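Since the structure of chain A is already known, use the hints to place chain B with the ligands on it.
First to last, the sequence lines map onto chains A and B. Using my numbering, the final residue of the first sequence is 569, and nothing's skipped along the way. Using my numbering, the final residue of the second sequence is 836, and nothing's skipped along the way.
None of these hints come from the bench; they were simulated from the model. Source: prediction; values computed, not measured. Idealized CB from N, CA, C, for every residue including glycine. Please note that a few of the clues may not be correct.
[As the list claims (entries may be wrong)] Some but not every residue of chain B turned toward chain A, in silico, with C-beta under 8 angstroms:
no., residue
1, Ser572
2, His578
3, Ala604
4, Ala608
5, Leu609
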Amino acid sequence: MSAAEEAERARTTRNAWALVTPALIVLMAAAIGPLVLVLIYSFLTPGDYGNVVWSFSLEGWQKVVVERDIFDETLHLAQAHLTIFWRSVSLSLVTTLLSFFAGFPTAWFIATRPASQRAFWLFLITLPFWTNLLIRTFAINQIIRNEGLLNTILLKLGIISAPLQMTYTEGALLIGMVYVYLPLMVLPLYAALERFDRRLLEAAYDLYASRWQVLLRVVLPIARPGIVAGSILVFVPCLGAYVTPRILGGGKLMMIGNFIELQFGQGRNWPLGAALSIVLLVIVMAALLIYVRAINGEKRGV
Amino acid sequence: MAKHIISARNLVKAFGTGEFAVRALDTVSLDIRPGEFFTLLGPSGCGKTTLLRLFAGFEMPSAGTILLDGEDVTVLPPNRRPINTVFQSYALFPHLTVAENVGFALKMQGKPRAEIEATVARMLALVRLEAMAGRKITQLSGGQQQRVALARALAPHPKVLLLDEPLSALDLKLRKEMQVELKRLQNETGITFIFVTHDQEEALTMSDRIAVMSAGKLQQVGTPKEIYTHPINRFVAAFIGETNFIEAVGETGGARLKTGDLIPVEGVLHGPVTVAIRPEQLRLVPPETEGAIAATVRDLVYFGTGTHCHMALADGTALTARLQSPASGEIGLALGESVGVLPTPGAAQLLRE
Ligand SMILES: Nc1ncnc2c1ncn2[C@@H]1O[C@H](COP(=O)(O)OP(=O)(O)OP(=O)(O)O)[C@@H](O)[C@H]1O
Ligand SMILES: [Mg+2]
Numbered sequence: 268m269s270a271a272e273e274a275e276r277a278r279t280t281r282n283a284w285a286l287v288t289p290a291l292i293v294l295m296a297a298a299i300g301p302l303v304l305v306l307i308y309s310f311l312t313p314g315d316y317g318n319v320v321w322s323f324s325l326e327g328w329q330k331v332v333v334e335r336d337i338f339d340e341t342l343h344l345a346q347a348h349l350t351i352f353w354r355s356v357s358l359s360l361v362t363t364l365l366s367f368f369a370g371f372p373t374a375w376f377i378a379t380r381p382a383s384q385r386a387f388w389l390f391l392i393t394l395p396f397w398t399n400l401l402i403r404t405f406a407i408n409q410i411i412r413n414e415g416l417l418n419t420i421l422l423k424l425g426i427i428s429a430p431l432q433m434t435y436t437e438g439a440l441l442i443g444m445v446y447v448y449l450p451l452m453v454l455p456l457y458a459a460l461e462r463f464d465r466r467l468l469e470a471a472y473d474l475y476a477s478r479w480q481v482l483l484r485v486v487l488p489i490a491r492p493g494i495v496a497g498s499i500l501v502f503v504p505c506l507g508a509y510v511t512p513r514i515l516g517g518g519k520l521m522m523i524g525n526f527i528e529l530q531f532g533q534g535r536n537w538p539l540g541a542a543l544s545i546v547l548l549v550i551v552m553a554a555l556l557i558y559v560r561a562i563n564g565e566k567r568g569v
Numbered sequence: 484m485a486k487h488i489i490s491a492r493n494l495v496k497a498f499g500t501g502e503f504a505v506r507a508l509d510t511v512s513l514d515i516r517p518g519e520f521f522t523l524l525g526p527s528g529c530g531k532t533t534l535l536r537l538f539a540g541f542e543m544p545s546a547g548t549i550l551l552d553g554e555d556v557t558v559l560p561p562n563r564r565p566i567n568t569v570f571q572s573y574a575l576f577p578h579l580t581v582a583e584n585v586g587f588a589l590k591m592q593g594k595p596r597a598e599i600e601a602t603v604a605r606m607l608a609l610v611r612l613e614a615m616a617g618r619k620i621t622q623l624s625g626g627q628q629q630r631v632a633l634a635r636a637l638a639p640h641p642k643v644l645l646l647d648e649p650l651s652a653l654d655l656k657l658r659k660e661m662q663v664e665l666k667r668l669q670n671e672t673g674i675t676f677i678f679v680t681h682d683q684e685e686a687l688t689m690s691d692r693i694a695v696m697s698a699g700k701l702q703q704v705g706t707p708k709e710i711y712t713h714p715i716n717r718f719v720a721a722f723i724g725e726t727n728f729i730e731a732v733g734e735t736g737g738a739r740l741k742t743g744d745l746i747p748v749e750g751v752l753h754g755p756v757t758v759a760i761r762p763e764q765l766r767l768v769p770p771e772t773e774g775a776i777a778a779t780v781r782d783l784v785y786f787g788t789g790t791h792c793h794m795a796l797a798d799g800t801a802l803t804a805r806l807q808s809p810a811s812g813e814i815g816l817a818l819g820e821s822v823g824v825l826p827t828p829g830a831a832q833l834l835r836e
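Okay, chain B solo, but in the shape it has when bound:
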């Protein structure tokens, strides 16, 4: 097996011509490792579906190549690629039973009947739908249809499984269940999953690695932790979780804010920079504390496990801190109160715009 199960090399996909041309994908290069749970994350219209459709073979790239297990598959039609898709709409065959849906690919491949039956039974057990084998698709709930779609795509044991927002049609509770289920299926089958979502929380909890996309371009590829703690640009920082952005000037030892305060940062970046810092990395302290930045409380928003404290610095820059709910009593803050803000050492990140 090659080092990478699937690779994109400088993929470009343009739709339309002339002034209506859209570059849905702009020179995307990507290497995905065998057995990985890889997530494509990005806002609507950033090209996630387009990239999956190129991998599946429904669409041909305008430029670039796709390697599957080291072989060039760029021009192979979908039925000749050992890659299967779980469609957002499920696209189950309404004229077939659950078992026939799951066995469809094997039948098309001309597998012997006994083998098909055995595999179908194994797949239905895997998604816990043994009892539904003889049912028609229309007699299933949304969550059950989802499982059938998964079993159908997994049955031929593809090298890569593509999942285009498979959970977006489910309600929150079912969605959480299916997230766990998907991880389990991936572990049990060992198949590489390429998962598309625009839900950053889903991406962070499920993935081995995430690719953040925007406007047809890859912004950053990394583990959830890398992406969360070290976003490489403002887009990634803003898209994943909540972030405070503060304009500053880089100097030796840190970033000098417009208010004159210095936020210590490792590594040196001179000139205008943006300081990115997560709300949970800010601590509120008495205003006179050494190294604290003076701020005024503007708003307090309670959200169950904590409170968001919205503040303004002396020059008006907005800043949000996330405070844990204390075990008992109030957090002891009032609107208009003067407080000091202390960033966790090493948590601030300098971004060059």
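So that you can see chain A by itself, here it is in the shape it has in the complex:
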């Protein structure tokens, strides 16, 4: 390498560093810093009125999965905590599935509109983002509560004779979360399907594939990156959902997000809250890892 090339490269490197420094500082201060703090807090002792006492303790972590009996001091599995974990994960998975089944036809519909109309349909999909999440969730509550729109209509039509109890059920949580996160599924699916070469449909159909086989063997595999991205975009925020379970679950049906909030609020157990936050983070990381695997699996073959 000549001296000129060397100097050129050194300058490029220097410039690159100079350019990323502000972003790095923000990242360090806003992401890594608090994370380290959370990690440290999870190993401290809870203070009497919240906050922490600076003495090392594993109690926080222990309490994630086990409980100490108040009478005989024996340890047993914290059933309530596990229920909350299980509810969070299962509701998130079901939400992801439902969003996919509702989102795929929607995305297909938009992707097959004439190019001039697609922007309009996409705009409609993103419309809910224009309103505050809290208000939208209360609106859902209004629709599904006993005297709400849905029950009134069903009663008037004579389909049911007594109002269905929908609020404060897991069903209500599902409705709320699918409603909130559906656009996050539709958008990446749309991006994948819009690129999809529809001549392949005819090719597959010509080569004796039935309509189902065309979907399963051609459309879905090619749209896989979009499916994976959409699923992650729905699954991850679902896991940490706070507002939706809070309003539609009425405080009874907690998810991890609410449970963590509880520890920092009334529960006055910051180390447990910190430990729970990290558990949540680990689950999310695991999900992302699967995502990266799936994408790489795609790339390796290409």
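Below, chain B with the ligands without anything else, positioned relative to chain A:
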């Protein structure tokens, strides 16, 4: 096996309605024989693709029927017709390997795995891509993708293979190679090929029979020789190769030109006619030769194996003769020179407009 592998009976296909209606196909009837290399030839927009899409089942005819091996398949969907297509864009599956692409149809038909593997290997050998079996489509050149598309369509051994301008994306050299390759594949598999092109030379060199189309209608169906030597109308004569058209009046013994010269033609056609004659069927002779038509040389265009001599008759009618390059020396013509033109006996063709 029926006498005809595939037949079109009065096929009509209209797109759009009202004043925007287009008759992409207008009462087309056609019989294609088993094992034939049949070419649809015509200018852009004449309905070639539309006819293929009707055969494949991607499109339903507005009227008429399609018979496959004697059976009415007009309303069968594409996946239930033993007809496969090689698409102009190839339309290979990007998420599958070469071998998986080739085996796709067999897999969809639920063939056992061993059979699929054997057929795929045979097909890849046929198109000389054995070494590429495990590759992704994106790792292939255009010519290789073309071969995969062929192998994929041939693998289920269809009764008819439809090819919609499969060579148009290839450069000239590769195109020539693939023309030879296609003929070889057709011979080896014995499958009926219906080939679409708007390249008349390609059509003439490859086909057993050609259908010339224009504006949704069949103009003429015949062997390349029939079509070249006996075009039935001015469109076919002009579309296939180069032709001189001379206005004339038919009389017993031939056609009388406006200049008063008589071109002898077999068969009698009275009244106004057009004489069609190929440039290579005109010989230049000294002006005083018996039976020669007087002309003046206007332009000489050299094109390697010969020279096109553009001339004007006494009444101004343009005429082109094709002269072979002599083994040595010049062709010995100058601009403005007076020459005699002598048509090869029997080569002129009378067309009624
Ligand atoms: N889906 C369609 N909707 C409306 N008009 C159509 C449609 N498909 C074809 N056409 C019209 O039908 C006519 C024949 O089209 P076709 O594609 O069969 O031509 P082609 O002979 O294959 O031409 P090319 O050589 O350019 O491929 C054209 O005028 C075309 O505009
Ligand atoms: Mg076409």
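**Prompt:** Which numbered hints turn out to be false for this structure?
**Reply:** 3, 4 and 5
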